[in-house]
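S.K.: From first to last, the protein sequence lines are chains A and B.
Numbering-wise (the working numbering), the first sequence opens with residue 3 and increments by one.
Numbering-wise (the working numbering), the second sequence opens with residue 176 and increments by one.
Treat the hints with caution; some may be incorrect.
[As the list claims (entries may be wrong)] Pairwise CB distance ranges (calculated):
id	chain 1	residue 1	chain 2	residue 2	range
1	A	Met63	B	Ala196	56 to 62 Å
2	A	Lys234	B	Glu201	48 to 54 Å
3	A	Pro197	B	Ala452	38 to 44 Å
Simulated from the structure, these hints should not be mistaken for laboratory data.
From the three backbone atoms N, C-alpha and C, an ideal C-beta is built for every residue, glycine too.
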Amino acid sequence: MQSLSAARVTELKEHANSVRQGIIRALLAAGSGHSAGPLDMADVFTAMYFHVLRNDPKNPMWEDRDRLLLSCGHIAPVRYSAMAEAGYFPKEELLTLRKFGTRLQGHPERIRLPALETTSGPLGEGLAQGVGMAQAAKLDKKDWRVYVVTSDAEHQCGLHWEATMTAAKFDLDNLTCIVDRNFIQIDGSTEDVMPLEPLGDKYRSFNWEVFECDGNDIVAFIETVDKAKAVKGKPSVIIANTIPGCGVAFMEGDYTWHGKPPNKDQADEALRELNAERERILAHHG
Amino acid sequence: MASSNVMDGVESMHLVDYTDAGAIKEVPTRNGFGEGLIEAGKKDANVVGICADLAESTRMEGFKKACPAQYMEIGVAEQMLVAMAAGLAAAGKIPWIASYAMFNPGRSWEQVRTTMALNETNVKIAGAHAGVSVGPDGATHQAIEDIAIMRVIPHMMVVVPCDSAQTKKATIALSEKWGPAYLRFARDKSPVVTTADTPFEIGTAQTFREGSGVAIVACGILVYNALSAAQELAKEDGIDCMVVNNHTIKPMDEPAVIAAAKRCGAVVTVEEHQVHAGMGSRVAEILAANHPVPIEFVGVHDQFGQSGDPHELIEFYGMGTDAIKDAVRRAIARK
């Protein structure tokens, strides 16, 4: 496992900061959408697009690309912002989020934007489709991998566990599920709405290899992905513990930010905070 | 829009002489699916089959033996069946997914809508054991709403072949035609009226009997009852019925439906399904917009099925030959 240089880490943190700023701008322009989940997954998506994935933003449908699926489609702004940051499309397009005619639908549609891989929004369906793709790669003896980002609350869906069982049956070691473990959902805490714990043990009992890490620590996440990629003979899951709204103090840990966008004043405040953080990232490195 | 062959002579259909009871063999339509899938799988290694614990009764068993590397068993998980197939299709495979119609698409409708249709994946649903002719298993296993829930989904092809030989052809044709599709077939053995020489094209309705009195537009295994009713009506009432095998519910052959209505001036639709939102409803939509004529609907009228012998149930729910004859007489009276 190759360790990341300090300069590389700074670069990744800068990208994550830009991804968060893109999320805020897109949500403000859209006037609707989800804030907490996209912000808390900014570090994971930055790590994926700038370090983990075998991909090419200029050839998004490259046949041998790794497939990154977003099962919980409602956090699409983080994916769109990370893709724009990575050069899949111009950043200005983020301001079309949720507007008529946009490629950036409120919930992602595969056929509208290359490399989205699936159409998602109805929860609990992403892993099942990832299982199909990973199985196709096995049948064709291809070495591309499948990553499926899931929310913690969608683990309340039965289909997700059908997929979990199936992935283990077919020994899909080319499949890694990433769980955004932020403990919030629309009606409150996941543990109040429908308890998920012990989540890791559930996966273990389904014959998966289980990893856990701080999902807002890019380095820790990348190191965990490296471990997951090394697993042979069974699928792996990374439970990424995240702080909802991470990076914007007034949103952090508040479930009411699950499904609403910031207004103009709130967006200004968020961007001020993110810019100050950007200064700190660069100063720290300098 | 598909071309119509409604005005063609029936000779071109190369049918079995269905007026000769001795010439008619009875084979379940599901057998045709099994044979067609093996042929499609041998022709193209990208054709894969996934089954939800019903390999034998859906007739996917033969494919499992003939093309083992292309077969996957995932247990009793119909939502998984659809979503996994969508993933396989997104990576270039042509998945056929088999279960009873009641469970797939019955249980998996939202996955069909999102991961197959909206997602534009080349997945083919094999819906076995459709209709009340499932028999003794009873209402829980008798899908009679499946055409409705599939035809309402944008871009979904819906095909209901008339017999085993045609089900085989439809399986092969759908394997080769890109797009999400639903193939519906039945459990019980039923008369085989078509032959290897009978043409088949998705979206092209077929005139199985010429006539100008009433057009009987039927699909599935009840096409045979429609032909029987037409024969009897000719003898008993002197009514000369046209019989159209309307196997593709979506995209329906609109010119053929309109031409049949223009020629006969009255239509009877026949399907082993709720009359609400099924094949007959689509015929009514087309005719209301283009050429309104009296229509009588033969099918299940807002009821659930129950246990019983398949033939007994077809009669009880008003889809037997006599019920079709009565519907034709009502239609004539309204002309």
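S.K.: Taking 38 to 44 Å as the stated bounds, is the beta-carbon spacing between A/Pro197 and B/Ala452 within them?
M.R.: 41 Å, holds
S.K.: Can the suggested window of 56 to 62 Å be confirmed for the beta-carbon pair A/Met63 and B/Ala196?
M.R.: Between A/Met63 and B/Ala196, where Cβ atoms are some 57 Å apart, the hint holds.
S.K.: Given the range 48 to 54 Å, decide if the beta-carbon distance of A/Lys234 to B/Glu201 lies inside it.
M.R.: 52 Å, holds
Of the numbered hints given earlier, the model fails none.
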